[in-house]
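For chain A, the structure is supplied; the task is to place chains B, C, D and E on it using the hints.
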Amino acid sequence: MMLKGILWGIAALIYLCSPELYAQYVVDTSVSINKIYGVNTVDQTYKVDGYLVTSWYEPDTTYRPASGERVYENHQAEQLMNAGMWVPAFEFINIIGKRQTANMRLVITADGRVTYNERFQGLFTTEMDFRQFPFDHQIFELIMEPFSYEQAQLVFGSARIDIETLDNQSLSEWQMQGEPEARVSRSDYAHLQSGALSHFSRLTISIEASRKPDYYLWRFILPLSLILVASWAVFWIEGFSERLMTSFTMMLTVVAYTFYTSSLLPRLPYTTLIERMVIMGYVSIFAAILVIVFVKIREEKGRPVKHVIPRCRAIFPTLFLIAMSMLIGVNSGL
Amino acid sequence: MMLKGILWGIAALIYLCSPELYAQYVVDTSVSINKIYGVNTVDQTYKVDGYLVTSWYEPDTTYRPASGERVYENHQAEQLMNAGMWVPAFEFINIIGKRQTANMRLVITADGRVTYNERFQGLFTTEMDFRQFPFDHQIFELIMEPFSYEQAQLVFGSARIDIETLDNQSLSEWQMQGEPEARVSRSDYAHLQSGALSHFSRLTISIEASRKPDYYLWRFILPLSLILVASWAVFWIEGFSERLMTSFTMMLTVVAYTFYTSSLLPRLPYTTLIERMVIMGYVSIFAAILVIVFVKIREEKGRPVKHVIPRCRAIFPTLFLIAMSMLIGVNSGL
Amino acid sequence: MMLKGILWGIAALIYLCSPELYAQYVVDTSVSINKIYGVNTVDQTYKVDGYLVTSWYEPDTTYRPASGERVYENHQAEQLMNAGMWVPAFEFINIIGKRQTANMRLVITADGRVTYNERFQGLFTTEMDFRQFPFDHQIFELIMEPFSYEQAQLVFGSARIDIETLDNQSLSEWQMQGEPEARVSRSDYAHLQSGALSHFSRLTISIEASRKPDYYLWRFILPLSLILVASWAVFWIEGFSERLMTSFTMMLTVVAYTFYTSSLLPRLPYTTLIERMVIMGYVSIFAAILVIVFVKIREEKGRPVKHVIPRCRAIFPTLFLIAMSMLIGVNSGL
Amino acid sequence: MMLKGILWGIAALIYLCSPELYAQYVVDTSVSINKIYGVNTVDQTYKVDGYLVTSWYEPDTTYRPASGERVYENHQAEQLMNAGMWVPAFEFINIIGKRQTANMRLVITADGRVTYNERFQGLFTTEMDFRQFPFDHQIFELIMEPFSYEQAQLVFGSARIDIETLDNQSLSEWQMQGEPEARVSRSDYAHLQSGALSHFSRLTISIEASRKPDYYLWRFILPLSLILVASWAVFWIEGFSERLMTSFTMMLTVVAYTFYTSSLLPRLPYTTLIERMVIMGYVSIFAAILVIVFVKIREEKGRPVKHVIPRCRAIFPTLFLIAMSMLIGVNSGL
Amino acid sequence: MMLKGILWGIAALIYLCSPELYAQYVVDTSVSINKIYGVNTVDQTYKVDGYLVTSWYEPDTTYRPASGERVYENHQAEQLMNAGMWVPAFEFINIIGKRQTANMRLVITADGRVTYNERFQGLFTTEMDFRQFPFDHQIFELIMEPFSYEQAQLVFGSARIDIETLDNQSLSEWQMQGEPEARVSRSDYAHLQSGALSHFSRLTISIEASRKPDYYLWRFILPLSLILVASWAVFWIEGFSERLMTSFTMMLTVVAYTFYTSSLLPRLPYTTLIERMVIMGYVSIFAAILVIVFVKIREEKGRPVKHVIPRCRAIFPTLFLIAMSMLIGVNSGL
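Protein chains in written order, with the numbering used here: chain A, 208 to 541; chain B, 208 to 541; chain C, 208 to 541; chain D, 208 to 541; chain E, 208 to 541.
Bound-form chain A, shown alone (with noise of 0.2 Å):
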């Protein structure tokens, strides 16, 4: 009696470190990348373009072939999957919308081993961090669970991940870092009955890539740095009126850059790098146009500051390269 409460204890400490050991199907998965791309920074999305392999033992015998194995395509599948033949539904849980599937297929080995296999496309979404946008990375990821079998009736077993060269790595904005990586865990959900949760395997692939920054390096970091410095030039000149025209200038040059970087930048909640570069532009030519009118003042009512502009000439670019070098060093979130 006593060895039996045991046994069962034994047998229920198994269960809960391996469930595929107690789970009716036991699916293995192998996901193969083509390409990810169309990373649109608003919506946090990105499209990827691959093929799902997912395989398992079926134990029912209706639809073994007698010897080898049988192949059934796209149409000819869904008639099989239509008759009833069991073959799970996946589902991506940070798709947006529906994956498009451009084929599909079955294959049935006498031995009762099932594998399903589809060339999918699907728009994805994930936690994106643009704080220290050009100079950014990103995790790229896929999670997936069974529609709707829970972990008493399906687990995920091994699963292995694969990404294609078949894109010059050289040429594309993304540079991918270290090894891809899938992952098999568990997701509880409240919402499907009430008063109970329900468990499902869950499957994450993970994809870390840095940006490459060359591009906002040389059509954006670089010229705005050089209307920066040009605009310092406005402490040599002398008169009140061309000094002030020249900042409104400059003013108008950075206001246009700002309209350029909208449509190059995210509309995020929170600043990026590139845009704290910005700001700091329209702050740095404000001061100066402060300066400017303060001197003015002061020379008005007779009490004129004669050290203030030439002593601007080193202090200005001192500042400004003190801000630059805080704002590489300090992630900060503003």
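Some hints here could point you the wrong way.
Claimed, not checked - Taking lysine-lysine and the DSS-like style, the derived pairs with C-alpha atoms no more than 27 Å apart in a straight line are: (1) C:K305 with E:K254; (2) C:K254 with B:K305; (3) E:K305 with D:K254; (4) D:K419 with D:K503; (5) B:K305 with A:K254; (6) D:K503 with C:K508.
Said to hold, decoys possible - Facing chain D, from chain E, some residues (calculated, C-beta under 10 Å): (7) K254; (8) Q283; (9) R312; (10) Q360; (11) R367; (12) L429; (13) E445; (14) S532; (15) M533.
Since the hints were made in silico from the structure, they are not lab data.
Using N, Cα and C, we set each Cβ at its ideal position, and we do this for glycine too.
Just chains B, C, D and E now, with coordinates in the frame of chain A:
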């Protein structure tokens, strides 16, 4: 006889108060929202991705399994529905177009409980008020009704709403306020039958959220404020031509700002808070030009007005601050 | 014999006046509009989301229920139609592409009444006249005909149109004028049969609406007016170079305005009211430049014209006001 | 024997001249165009919405009704075609993607006449020549062939084309020229069979239309002309710096014009009339700058050239008028 | 015994060299391209519209007609495939999403030849190198493989590629170079089976084309060159303020050019030829500003440098020409 009448009256009263006692089917619902995104201010629309779980008791025993529960996915579920199983079509009243259903599932238990579950994505519309933009808050709604079955046949029972925390809340543009709400009510239609009202049970899900204004503060309100403040420098410039040309440059800068804004802001029949700020900018610079030309005319006529320009150095900032505080204080309809 | 002829004549007369007496099917319609949105001025299109309810008496008793009514939704209704039940296809004549049908329903009563109900969304087109833009009003139309059945087989009977008040009318760009109208008429086609006209019953739904011009007033007409008024300041400036450069800056500002407008306004083969205003702006500044150069030439030749510039200070505003009032008063075709 | 040969020769001759005598099916067509819109100059595409009516004699009596005619709509028509009724698939050769079919109908008469009718919408492509843009005229074409049946089995018989007058012609950008034309011809393909040509009957519908240039005249050519004319004012300005800065401002204005144009005009490998005008603007202002600097250099070297600038006041307008008239007169390929 | 081994060795050798001798099905292909368009530089994609003809010998006689050939179109062909007829699914490896099939056809001859023909449209991707843009040339590829059948079952036999001359080659942006090529090879996959490679037959179609640079020459390179040349005029201007303000105006003009470019050019992680030209423009104007300020500083300190500015009149054009010729001569990766 009399007693019977009283009993009928009580029954009618109960019916009016609690239609679910009499309806043929009582449908419990549970909606789980993954993501609200793609808020379009012009058409007043937003996209919702989520799960819809509906559940009811089916007295007809035709499709019940002998024991436990039976799961039908996608095409298999469709076949069952085509064969005649009662699964009501639900429609979102405030949807635009058709909802996309990535996966669907029908679960039937031996004791007659039917659960229909789908993942959906759709474009929804609701009244949005952008008068306080970018400091606005909106109520995102999903209004659902059975497409064909009136209240006598189908009423919504218990309703539940969950919001997934998949997305990092600190990174998105909207911040949820309070708890999401699910409310069951009744709606009446006149266009379905001539001379009679049709009564439908209605489920309304409301999610209140406020916009994080950071993007607009840093990229719009701050630089525009700096430009407006800088425009007052015109009153320190001497010489009519210089004053005028500087004012014109400022005008051009604000015009450039307007173009930028029009890609940022909705095209609404009323003015948003941010637009009123731009209009103030226009009017302020125009007033400065009027003052400058007025002073010039008086000079030409030999009646110079010495004090106007210096006084403007104080009057313009003061008026601007008053107007700004009114703008923030008052929710005027302009 | 004679009597018979007279009777036939009367019958023919009745037929001509009231075709529904003789048509095989009289279809009553009821259209309920949820939302009209996405008005595209270039293609002259708009999107409509609504319900279409059609109803007729079916003499064939095959599909009638024994008693009460029977409801068929979506796929079940399609199966019935495929099996041979007569449900006519309706088409919107002025639709672009195909309408999307989110849900559909077929109700058949024991006494032979068939009601077909669908929720539809489509892109419609109609003649739009933007000459008075942004003070224009348009008639949004839905023109419906049976796709296959001529007047001898199918005529529209009673027609009803409802506009949902789901959207807050005070917030949208269009304001409905008067009552929406549903009109039944006849249309004839020559391309279906060689050498013979085909007659179809036609249902026309018209909704008249006027645009709220507030957005264009605040964001376009007011700033442009201020710029034009400011451009007259050029006549107070002294010195040829200053005058010319200020005029050029104004010209550049109005050019910038044109770019802004082109994203705002339709690209039409005629000029809208707002465009005529921009053209006036161009021509006015160009005329100022001509005057300035003319005065300069006369000066160079030693015949200075003292009074031209001062007079322009009065002439330009006067001409502008006259042109403006003409623009508003006259609906010229330019 | 000889006679037989001659008879065969005659038969072959008749066959070559009139293949429809021998083809198994002669298909009469009638196309009715509702709307041509969405002309995309870059991809050389346009959208067409219309009706396609095809009709032929079917010797097989399987599907003929006993008397009168029988109408099959949409799904019912599809069922008939799936069951094996001969309805050939037609394809538009110059379509992009797939055509959308909103409704389709099959009418079979007791005497064997089959009429297939559909409403279609598609994106079509044709050679477009924009060298005279915006004074160009284009030929919109629809080229149709049977997808599978060669000339021996199917030839087009009579062809008819109608243009609906639904759209108010005075309001659209294109004006139809002459009568639309429907032409039957033959096309040969080598890629279907190795070593043999396949012959298909082809129906070509051509609609010639010319663009109304009003929009481009008022919004582009007029203001650009005014700017160019205004740029000549630079020759009346005195002082090297003023001349140069005014010229630079004009250059900036024309650059701004180029940006505006690029959203307005196609990105073509050849220059359109309107682009040649912009290039003339560039070159003209650049020439003025060259002249100004040349005069300056001569002055510095102590050999002033008094007459160059005054002469340019006449030379530039003259050259511009000559270039303009050449541009309009000659259809050069540049 | 020994003989047998040798024979086997020879057989294996033949197999390795010519797998089609042993494959169950040898599929001959013929691809005809109508149009390549919509080249998207950012995602490195293009759209292809064409016909795919595949043909093989089917030993199974079930579906053979008694004599001649039998044609099945669209739905009828699908029914045959659903019924079990062997028609392999092909997939384009480098497609994005799913291809659209407007029409398809199955032809079966009495002697067992099966021909599958479809018209397809799809979005394809390939490596594109824009370093020489707009003087680049690209290779447009279509890579096709059977979706399910490995080399043992299916190999590609003869392959043929045709390019339709429907489009007027003189009007499109791309000019085909040399002959298009169709190549059969083998590809191996590891992700389909654990621990084993799968071998598939692969058909690669390559079309080499070079871009016609006319648009970019006239609209971009010419005006930018003129602006840069004009910017050297700054060295003839006298007075520090005038020099600086003119330089700033030029800087603003080039900044405006950058905005214009960013809508014209891809956002790539490397710089294109045209971008390097813009960067040169920036740097050149910035260098001029540095020189101007340097001269000013020396003047202020009482050590004027007379010869710097006049020498720059020659140095800047010289350096520019050297840089330009280097840019054109060298295909540097920057």
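Status of the hints after comparison with the structure:
Taken as a hint, the C:K305 and E:K254 pair is honoured in the structure, with Cα atoms around 24 Å apart against an allowance of 27 Å. Using a Cα cut-off of 27 Å, the hinted pair C:K254 and B:K305 holds, with the two alpha carbons roughly 14 Å apart. Using a Cα cut-off of 27 Å, the hinted pair E:K305 and D:K254 holds, with the two alpha carbons roughly 22 Å apart. Between the alpha carbons of D:K419 and D:K503 the distance comes to roughly 47 Å, so the proposed pair goes past 27 Å and is violated.
A C-alpha spacing of about 22 Å is found between B:K305 and A:K254, which places the hinted pair at or below 27 Å, so the restraint holds. Restraint check for D:K503 and C:K508: satisfied, since their Cα atoms lie roughly 24 Å apart, inside the 27 Å limit. The closest approach between the C-beta of E:K254 and any C-beta of chain D is roughly 8 Å, which is under the 10 Å cut-off, so the hint is satisfied. For E:Q283, the suggested interface contact is upheld, since its CB lies about 7 Å from the closest CB of chain D, less than 10 Å.
Hint status for E:R312 relative to chain D: holds, with the closest Cβ pair at about 5 Å, below 10 Å. For E:Q360, the shortest C-beta to C-beta distance to chain D is roughly 23 Å, which exceeds 10 Å, and the interface hint is violated. Nearest Cβ of chain D to the Cβ of E:R367: about 7 Å, under the 10 Å cut. The hint holds. Contact between E:L429 and chain D, as hinted, is supported at the beta carbon level, the nearest pair being about 7 Å apart and thus within 10 Å.
The beta carbon of E:E445 is positioned within 10 Å of a beta carbon in chain D (closest approach about 7 Å), and the interface hint is therefore held. The beta carbon of E:S532 is not positioned within 10 Å of any beta carbon in chain D (closest approach about 22 Å), and the interface hint is therefore violated. Restraint check, E:M533 versus chain D: the minimum CB separation of about 25 Å is more than 10 Å; hint violated.
In this structure, the earlier hints numbered 4, 10, 14, 15 are contradicted, and the remaining ones agree with it.
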